[in-house]
Amino acid sequence: MKHFDQFTEKMVRGLASRTSRRSILGSVGAFVAGASTLPLLPVARASETSPPELKDDPPLSTGNPQDPGDPSTCDYWRYCGMNGSLCTCYGGSTNSCPPGTEMSPVTWIGTCRNPADNREYIISYNDCCGGVAGGRCQCERNEGDRGVVRPSKDNEILWCFGTQSQSYTCSTAIILGTAISK
Amino acid sequence: MPARLSLLLSTVLVANLAVAEEFPNPLPKEPIPNVQTLPEHYPTTWAFLDYSGARFELRNVGSDAHEAKGNLPARESTAALLVSTQRPEIYLADTVWSRGSFGTRTDFIDIYDPKTLTLKGEIVLPGPRGLMSPREGTFTFTDSERLGLIFNFTPGSAVTVVDLVGRKVLGKVDIPGCSLAYPTGERGFTALCQSGTALTVRLDAHGKVVGRSETTAFNALDNDPVFTSSALINKVRYFPTMQGNVQSLDLSGNEAKVLPKWSLVSPEEAAQHWAPGGWQVSATDEKRLMYVLMHPDAREGSQKIPGPEVWVFDVTSQKRVSRLRLVRPGVSIAVTLNSEPMLLVQTTTGLDVYNAGTGAWLRTLQLPGLNTRMLIQPIH
Numbered sequence: 032m033k034h035f036d037q038f039t040e041k042m043v044r045g046l047a048s049r050t051s052r053r054s055i056l057g058s059v060g061a062f063v064a065g066a067s068t069l070p071l072l073p074v075a076r077a078s079e080t081s082p083p084e085l086k087d088d089p090p091l092s093t094g095n096p097q098d099p100g101d102p103s104t105c106d107y108w109r110y111c112g113m114n115g116s117l118c119t120c121y122g123g124s125t126n127s128c129p130p131g132t133e134m135s136p137v138t139w140i141g142t143c144r145n146p147a148d149n150r151e152y153i154i155s156y157n158d159c160c161g162g163v164a165g166g167r168c169q170c171e172r173n174e175g176d177r178g179v180v181r182p183s184k185d186n187e188i189l190w191c192f193g194t195q196s197q198s199y200t201c202s203t204a205i206i207l208g209t210a211i212s213k
Numbered sequence: 028m029p030a031r032l033s034l035l036l037s038t039v040l041v042a043n044l045a046v047a048e049e050f051p052n053p054l055p056k057e058p059i060p061n062v063q064t065l066p067e068h069y070p071t072t073w074a075f076l077d078y079s080g081a082r083f084e085l086r087n088v089g090s091d092a093h094e095a096k097g098n099l100p101a102r103e104s105t106a107a108l109l110v111s112t113q114r115p116e117i118y119l120a121d122t123v124w125s126r127g128s129f130g131t132r133t134d135f136i137d138i139y140d141p142k143t144l145t146l147k148g149e150i151v152l153p154g155p156r157g158l159m160s161p162r163e164g165t166f167t168f169t170d171s172e173r174l175g176l177i178f179n180f181t182p183g184s185a186v187t188v189v190d191l192v193g194r195k196v197l198g199k200v201d202i203p204g205c206s207l208a209y210p211t212g213e214r215g216f217t218a219l220c221q222s223g224t225a226l227t228v229r230l231d232a233h234g235k236v237v238g239r240s241e242t243t244a245f246n247a248l249d250n251d252p253v254f255t256s257s258a259l260i261n262k263v264r265y266f267p268t269m270q271g272n273v274q275s276l277d278l279s280g281n282e283a284k285v286l287p288k289w290s291l292v293s294p295e296e297a298a299q300h301w302a303p304g305g306w307q308v309s310a311t312d313e314k315r316l317m318y319v320l321m322h323p324d325a326r327e328g329s330q331k332i333p334g335p336e337v338w339v340f341d342v343t344s345q346k347r348v349s350r351l352r353l354v355r356p357g358v359s360i361a362v363t364l365n366s367e368p369m370l371l372v373q374t375t376t377g378l379d380v381y382n383a384g385t386g387a388w389l390r391t392l393q394l395p396g397l398n399t400r401m402l403i404q405p406i407h
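Chains as they are written, first to last, in the working numbering: chain Y, 32 to 213; chain A, 28 to 407.
No lab work stands behind these hints, which were simulated from the structure alone.
Any given hint might turn out to be false.
In silico contact screen, one side only, chain A against chain Y (beta carbon under 8 Å); selected entries [to be verified]:
1. 105
2. 128
3. 129
4. 159
5. 180
6. 182
7. 206
8. 207
9. 219
10. 221
11. 248
12. 255
13. 327
14. 331
15. 398
Partial chain A-side listing against chain Y, Cβ under 10 Å, derived [what the hints assert, rightly or not]:
16. 155
17. 157
18. 184
19. 252
20. 253
21. 330
Computed from a prediction, not measured in an experiment: that's the story for all the values here.
Glycine included, every Cβ here is placed at the ideal spot set by N, Cα and C.
Chain Y with its partners taken away, still in its complex shape:
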C-alpha cells in the first residue's frame, strides 16, 4: 500500500509539473460535466486482484567474491569517497561510462578498504560527461574529501575536463591499484 501511495503521489506530482493549473481544472470540469450525461456502463476489469506490488530493483553483483557488495548502492566498498550519481544506474558500471558519454581523464581519488581481501585500494572517481543528468542513484560518502584547496581530493568540482561536453552524467569508481595501508 505504501508503494501504491508513493506511486500515486508521483503520478499526481508528475501531472502537476507538466500541466498548468488552468488546463487541469478544465479537464476535470469536462470530465465531471460529461459524467453526468453518460450512463453508468458495466466495466470489464482486467483483473479483480490488486495490482502487483512495486518492488525495489534487485541487487547487482560483480560476480567476483573478491569484489563484494551491490555496486548500485551507496554502501558498496569502492564508493567511500563518492559524491555524485552512480553510473551503474545509467547503463555504465563501476569502471565504465554509459553509452553516449565520455570519460573524463582527470578526476579526484580516494582510498577505500576492500572488505573481502582487507586491502586498501586507490579509487579514481572519473566522471562520465555528455549524457543525461537524471539525478538517479545519488551517493555521497565523502571519505577523504579535503576540499578544493587540494583539488585531487575535492569531489565538489565538475571534473569533465578534456571531454567534448562538460555536462555531468555520473561517476565511476575505478581501481588504480593498492595503496600503502593507512
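Got chain Y sorted already, so can you dock chain A onto it with the hints?
Okay, now just chain A, sitting in the frame of chain Y:
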C-alpha cells in the same frame, strides 16, 4: 411554470440581490502590461538563495508572508552572484555552451539592475571559470567593488581580473597550486594553496600584479583542513577546520597574516567528537560573532552532513556565547544584517528562520525546486 421551478428561480434571484448589495461595484479594470519593480536598495531582511543551477531567488525571509521578491536565472549549477553595495548593480558569473550541454563554451558576467532585475550589461570572460558547487571565493570583489575576481580551474588555477565599472577584462593571474580568491588589502586577493600556505597577490589599478607574498604553512590538509566557508569580521577571515578549530587570516593589509589557531570545542565536546559540518558552515554578524554549524560523532566523511546545532562564538574572546539547537539539521547557514538579526538555516527541504540572538524558531519557508545544498547571501 411549475410551482417548484418558480420557487427555485425566486430563491436564486433573492440570493443574487443580496450579493449585489454586499459588493455594489465590480472589480476595477487592471492594466496590461504590468511588471513589478523592486527598491534600489533591498531591505536587510531579504536574502538571495542560490538554488544551484536553477535560479537565484530573492526572498523576504523576515516576513510570515514568505514572499518571493524575484528571481535571476542561472544557466549552470556553478553560477555565482555578487550584489554591489556601491552602485545599483548585481553581477552574475555564469557559463553556457552553444548547443546546450556541448559546443562552444562562453563564460560571462551578466549585470542586472536591482530595481527591475533586467539585464543592463554583459562582460564576456576569457574563461574557463572553475565549475564547482557554489562556494565562497569563486567570484569576489576587490578595490572597493571596482574589480571583480573570477576563480578559474582547468585543472590549472588562475584568477581573471575584471573592471566591473569599465565593464572589461583586465587580465589573468596564474596561481599555480592555489585555489579561490578572498579580497585582501586595498586591491588584492588571497588564495589557499596545496602546500598549506596562503598566497596574496597585490594588483595595480589596471589589474596588473605588483606583488606576491606567501605565508608559512598553516593549513593541515591531511588531517585538519580549513573549510573554505569563512566568517569575515573587521577584515579578518575566520575559517573553521574539520577537527573543530578556527584558523584566522588577517586580510586587511598587503600580505595575509596567519593568526593563532583556537578551538571551538572543549575537551569534553572533543571527546564527543563535535565538529563543524555541512556546506556553508560559517556565518557572521560582521561585528564580533561567528556562527558555526556543528554535529556530534564526527568521523571521516561526515564533514558535509547536516548539523543539528549552531554554536555562536565571540571572536575577540574566542569563547562560545550560545549554543542553538535547530528544529531540523542544517546544511547551510547565514545571518541577516538587520537590527534583529535572523539566523537562516537551509535544511534538506526548506529554510528555517530563527532569531539569531535567542535561537527561537520564527518560521519555515518552503523552497520548491531545491534539490541540493545552497549558498545563502543575506542583503547588506
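So, going through the hints one by one against the coordinates:
1. 105: Hint on residue 105 of chain A: holds, closest Cβ of chain Y at ~7 Å, below 8 Å.
2. 128: At about 3 Å, which falls below the 8 Å cut-off, the nearest Cβ of chain Y leaves the hint on residue 128 of chain A intact, so it holds.
3. 129: OK, holds: residue 129 of chain A within 8 Å of chain Y, min 4 Å.
4. 159: holds (4 Å)
5. 180: holds (7 Å)
6. 182: Given a least distance of 6 Å, the restraint on residue 182 of chain A holds.
7. 206: The hint holds - residue 206 of chain A has a Cβ within 8 Å of chain Y, the shortest such distance being about 5 Å.
8. 207: holds (7 Å)
9. 219: Holds. Min distance 4 Å.
10. 221: At about 5 Å, which falls below the 8 Å cut-off, the nearest Cβ of chain Y leaves the hint on residue 221 of chain A intact, so it holds.
11. 248: holds (5 Å)
12. 255: Hint on residue 255 of chain A: holds, closest Cβ of chain Y at ~6 Å, below 8 Å.
13. 327: Holds: closest Cβ of chain Y sits about 5 Å from residue 327 of chain A, inside 8 Å.
14. 331: holds (5 Å)
15. 398: holds (7 Å)
16. 155: Interface hint status for residue 155 of chain A: holds (9 Å vs cutoff 10 Å).
17. 157: Holds, about 7 Å.
18. 184: Status holds, d = 8 Å.
19. 252: Residue 252 of chain A check passes; min Cβ-Cβ to chain Y is 5 Å, inside 10 Å.
20. 253: holds (7 Å)
21. 330: With Cβ-Cβ at 6 Å, under 10 Å, it holds.
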